[in-house]
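On the provided structure of chain A, position chain B as indicated by the hints.
Number of protein chains: 2
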Amino acid sequence: MIIPIVGGETVQYPNGKKIIRQTVASRLSQPIDFGNRGMTLEEDINETNEYYLAQQKAIIHKKPTPVQIVQVDYPKRSAAVIKEAYFKQASTTDYNGVYRGKYVDFEAKVTKNKTSFPLSNFHEHQIAHMEHVCSHGAICFVIMRFSAHNQTFFFEAEKLFPWWKRQYDGGRKSIPYEVICEEGFLIPMKYQAKVDYLHIIDQLHFRTEEEE
Amino acid sequence: MIIPIVGGETVQYPNGKKIIRQTVASRLSQPIDFGNRGMTLEEDINETNEYYLAQQKAIIHKKPTPVQIVQVDYPKRSAAVIKEAYFKQASTTDYNGVYRGKYVDFEAKVTKNKTSFPLSNFHEHQIAHMEHVCSHGAICFVIMRFSAHNQTFFFEAEKLFPWWKRQYDGGRKSIPYEVICEEGFLIPMKYQAKVDYLHIIDQLHFRTEEEE
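Which chain is which? The protein sequence lines are A and B, in order. According to full-length UniProt numbering, the stretch in the first sequence is residues 1 to 212, in order. According to full-length UniProt numbering, the stretch in the second sequence is residues 1 to 212, in order.
Extracted from the complex, chain A is given alone in its bound form:
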């Protein structure tokens, strides 16, 4: 819920998309996915989470974009206006919550690449965070969308870590598409749960209870 809105409800792009990508997206841990493609994955996941919430299946929320506030104006009789602030790098993943009593934590990323998923989509802080929560028994994973293939995968965090580490030992800086097809799980696109990742969690963590 928003307190007051002045001047519109989305970000304005004075300089066009290319500048935005250079100046913002490349420096931030979470892609301020101003582009259509990225927004679509985020919107799909938000819708899915709303559906899960309405159905009382799971309580998962996207965290707000971290912002460092520098200056705030307090006009009389109207709401505070933030006049100067900067994007901060996120130290955690974007989504977390609870499913069947278990802590769930994930990051969602889109690539336009066709043959591999670039590791530059992640940041050291996020990988460290995922390692921490994994060691505490979290259900932790990455949702990867290949926009060119129109496919969205569930890739377990534990399978991401070795790729992340190997890139510093001369390993490749991306995960091949074939590996993601083989080791990941294609997430079904449903009408109400656009990115039905709980379906995969059920298979991986609650199979005996859920299936057959």
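These are calculated hints, taken from the structure and not from any lab test. Heads up, some of the hints might be wrong.
Stated by the list, open to error - The calculated lysine-lysine pairs, modelled on BS3-like cross-linking and capped at a C-alpha distance of 25 Å, are:
#1 Lys63/A - Lys102/B
#2 Lys57/B - Lys194/B
#3 Lys88/B - Lys88/A
#4 Lys57/A - Lys194/B
Below, chain B alone, put in the same frame as chain A:
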């Protein structure tokens, strides 16, 4: 981590504290606790969480303050500057994470009152969120500080809900201090874990494993 900082790292208060309280704090779900007292609880909890993280005891983070971004400038060769944004009402609590595989979710509030804790510290959305996560097996609670008594309490969400509901049936709009003393748990203040709430969680949820 902050990308660039221009002009300082904290919010400026052109109008003094009283105005700020009227125009911002009263309208927001999380108290933009610009006052010294409120910051202290948040700082104490953040420090505690950092200590827990360093000790690999639990992974708990404060969520960023939700902000609706309206206008962003992209100066050449420097970082994007948010030029217009507004505080949004949070739809969840401020803190969540994982402890011993369990999902942990809580809100932290300070009162200057001596005899009771005002329910106006919470918002309908937050209560609904706490009810949702409770029904999914979360460890959910409120950290309440009575600054006048220099006491900080752990109060289980399930004990908060009846008070919240009764206020709409003519019930009182605050929880008496005696009730919080009796039904809540005084959180020990330790050197490294300033607000050692895991100590209470251990007693409530993991007693047999942990104690004696």
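Hint check results:
no., hint, in the structure
1, Lys63/A - Lys102/B, "holds (19 Å)"
2, Lys57/B - Lys194/B, "holds (15 Å)"
3, Lys88/B - Lys88/A, "holds (18 Å)"
4, Lys57/A - Lys194/B, "violated (35 Å)"
Checked against the numbered hints given earlier, the structure breaks only hint 4 and satisfies all the rest.
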